[in-house]
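Fit chain L to the given chain Y structure using the hints.
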Amino acid sequence: KQEVTQIPAALSVPEGENLVLNCSFTDSAIYNLQWFRQDPGKGLTSLLLIQSSQREQTSGRLNASLDKSSGRSTLYIAASQPGDSATYLCAVRYGGSQGNLIFGKGTKLSVKP
Amino acid sequence: GAVVSQHPSWVICKSGTSVKIECRSLDFQATTMFWYRQFPKQSLMLMATSNEGSKATYEQGVEKDKFLINHASLTLSTLTVTSAHPEDSSFYICSAREEGGLSYEQYFGPGTRLTVT
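Residue numbers (this note's numbering), protein chains in the order written: chain Y, 14 to 126; chain L, 2 to 118.
Next up, chain Y with everything else stripped away, as it sits in the complex (with noise of 0.2 Å):
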């Protein structure tokens, strides 16, 4: 069964801080892997997507990386700030450009002033 992780489930740290947050998936014949934002009772944004050939992708102070040997992606977050609080969901892409989408459960961000 395609599954994914994502790990801690909510986070909180100070303004400032380098953060990460974790994915794993436990098929790694992905098409692509993508990170979104989700903020409270809203739709999701799309951050970063990651193509199965590539290693990594950066916009900003976001830089997602992505082993796919290893069944795992991370979200970088370089001086977080209190906007950047919200919810983290990570979605794997399998059976081609119009497969569907596997979402984790997500992770729960807090950046405190």
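Note that these hints are calculated values from the structure, not bench results.
It is possible that part of the hints are untrue.
[Stated by the list, open to error] What follows is a set of in silico ranges between Cβ atoms, one per label pair, in the way DEER data are often shown:
# : chain 1 : residue 1 : chain 2 : residue 2 : range
1 : L       : S6        : Y       : Q64       : 25 to 33 Å
2 : Y       : D80       : L       : S6        : 31 to 39 Å
3 : Y       : T58       : L       : E100      : 16 to 24 Å
4 : L       : M46       : Y       : Q64       : 21 to 29 Å
Note that beta-carbon positions come from the ideal geometry of N, C-alpha and C, so glycine has one too.
Relative to the frame of chain Y, chain L by itself:
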């Protein structure tokens, strides 16, 4: 970027009634739309995939007679929860895929909070 809207953003209905949720792709054509359900502190779970002009494909365990999906145009899909019960209370999120190009990226709506009393 591509925008997906949902209406209403929240709805409260009585047990036994039906409620319709709309999902629109505002600036692109989406031949495929997806409906997800999210319970508190849980993953988004795919309920069904709809293609414009054809019947939706439901995931295992999702009752197609209870969750009616209509994808009548390239920009609109609707989810109707029939004979709603309190256990149907959840956050429903739609997603639309922009066809063509290389990415086949999915864009997500803001979600609809359904509360059944």
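To see whether the hints hold, each was checked on the structure:
1. L:S6 x Y:Q64: 25 to 33 Å: holds (28 Å)
2. Y:D80 x L:S6: 31 to 39 Å: holds (37 Å)
3. Y:T58 x L:E100: 16 to 24 Å: holds (21 Å)
4. L:M46 x Y:Q64: 21 to 29 Å: Holds, since M46 of chain L and Q64 of chain Y (Cβ atoms, about 25 Å apart) stay within the stated range.
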